[in-house]
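Student: Turn these sequences into a full structure, and let the hints guide you.
Here the numbering used here is used: position 5 in the sequence shown is 5, and no number is missing along the way.
Note that these hints are calculated values from the structure, not bench results. Be aware that one or more of the hints could be misleading.
Distance condition first, Cα-Cα at most 20 Å in a straight line; then the derived EDC-like pairs of lysine to aspartate or glutamate [what the hints assert, rightly or not]:
id : residue 1 : residue 2
1  : K261      : E170
2  : K261      : D225
3  : K231      : D243
4  : K261      : E84
5  : K231      : D280
6  : K231      : D278
7  : K261      : D244
8  : K231      : D207
9  : K261      : D148
10 : K261      : D154
11 : K261      : E272
12 : K231      : E272
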Amino acid sequence: MASVERRLERCRPQQIWDTLAEFSCVYVPSGPLEWHGRQNPVGLDALKVEAVCRRAAERTGGLVFPTIFFGAHEVPWPLGMPVEATQVQVNTQTVLDYLVRNGARVVVWLGGHGGTEDYSALRRAALTTMQRSNCLVLAAIDQHFLLDLEPAMDHAAAIETSLMMHLQPETVDLSALDPEPERWPEGVGGEDPREHASAERGVRYADVLVDRIAGVAQRLVALDDPICRRKHVACVAQQVTVDDMVVYGRANLASTDAPAKIPDDSWQQHLEAYRVGDYDAALAAGRLTIDAVRLATAGRRPAGSEEQRFV
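Tutor: In structure tokens:
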């Protein structure tokens with residue numbers, strides 16, 4: 001028996017309608033084009049989540065939107081495509097409007113890039129979509145599904161390289177890295193991929209990602225209770241609030257005053273409770289983080305020079 005085509009762009013109209021009638025969810029993988037070391041492809045962020053989304057769709061049903069190689073990027077390494085966060089939000093909104101207009105009840109937007117401005121733009125578009133339609137949107141990055149793993153993610157180092165060695169092994173060439181251990185690979189942040197990257201390690205991370213993303217999709221498609229749906233939207237509103245404070249702080253305050261991307265333990269609790277649908281716990285934790293970040297940054301002066309800031 002032939003497998004069902006899950007890639008939306010390869011489906012005929014009736015195939016799309018039939019698939020969404022069975023499981024009304026569309027997965028959207030996205031990420032910027034940027035340097036990921038000499039050993040990895042520049043499209044790593046989007047490619048890794050594309051493979052995860054396709055595996056999740058094979059398990060749950062639904063469709064996978066064409067991979068979007070577009071994301072906020074300002075890192076000064078070769079071959080990166082600079083994109084403003086406002087452009088990311090407009091592009092995300094365009095895709096979400098298209099999917100809602102064509103019958104998607106749930107959208108799971110999975111970004112592969114850990115930049116705060118990037119996933120802030122995704123969440124802002126998700127919130128707008130839910131405020132004006134009946135579609136539920138989860139907009140998150142892969143790292144937010146891995147917070148209980150150590151490390152949860154890195155940049156072009158052992159974890160991302162391992163994921164690609166497992167998911168798309170033909171794209172990785174470890175021999176492209178300088179073999180001298182005292183020479184750290186350019187643009188790599190995390191464990192040394194020359195020593196710690198392997199396809200076997202990538203299996204563990206990929207399996208957790210697929211399990212959790214598929215679980216979220218199944219939960220949201222089945223979520224009919226109007227109160228729970230409103231709480232889902234309220235959680236995303238909290239995420240937008242925290243993202244805005246983090247983006248402002250990291251762009252304007254001294255690095256000693258700026259909040260971290262995950263500001264405190266309460267925010268990690270929020271993200272994990274939100275993922276499993278414990279909305280009351282997520283909202284309670286979110287309120288704690290919002291109050292804490294406001295208190296921590298109140299009255300802080302903007303940094304006096306670029307060198308004092310994160311970005």
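Student: Are the hints correct? Go through all of them and say.
Tutor: Status of the hints after comparison with the structure:
A distance of roughly 32 Å separates the Cα atoms of K261 and E170; the hinted pair therefore is violated under the 20 Å criterion. A hinted pair counts as satisfied when its Cα atoms are at most 20 Å apart, and K261 with D225 does not qualify at roughly 32 Å. As the CA atoms of K231 and D243 are separated by approximately 18 Å, the hinted pair is consistent with the 20 Å bound. Between K261 and E84, the direct Cα distance comes to roughly 18 Å. Compliance with the 20 Å bound is thereby established for this hinted pair.
As the CA atoms of K231 and D280 are separated by approximately 8 Å, the hinted pair is consistent with the 20 Å bound. Between K231 and D278, the direct Cα distance comes to roughly 10 Å. Compliance with the 20 Å bound is thereby established for this hinted pair. Note on K261 and D244: the hinted pairing holds, with a Cα-Cα distance of about 11 Å set against a maximum of 20 Å. Restraint check for K231 and D207: the C-alpha separation of about 28 Å exceeds 20 Å, so the hint is violated.
Taking the CA atoms of K261 and D148, the gap is about 16 Å. The hint holds against a cut of 20 Å. A C-alpha spacing of about 13 Å is found between K261 and D154, which places the hinted pair at or below 20 Å, so the restraint holds. A distance of roughly 15 Å separates the Cα atoms of K261 and E272; the hinted pair therefore holds under the 20 Å criterion. Restraint check for K231 and E272: satisfied, since their Cα atoms lie roughly 15 Å apart, inside the 20 Å limit.
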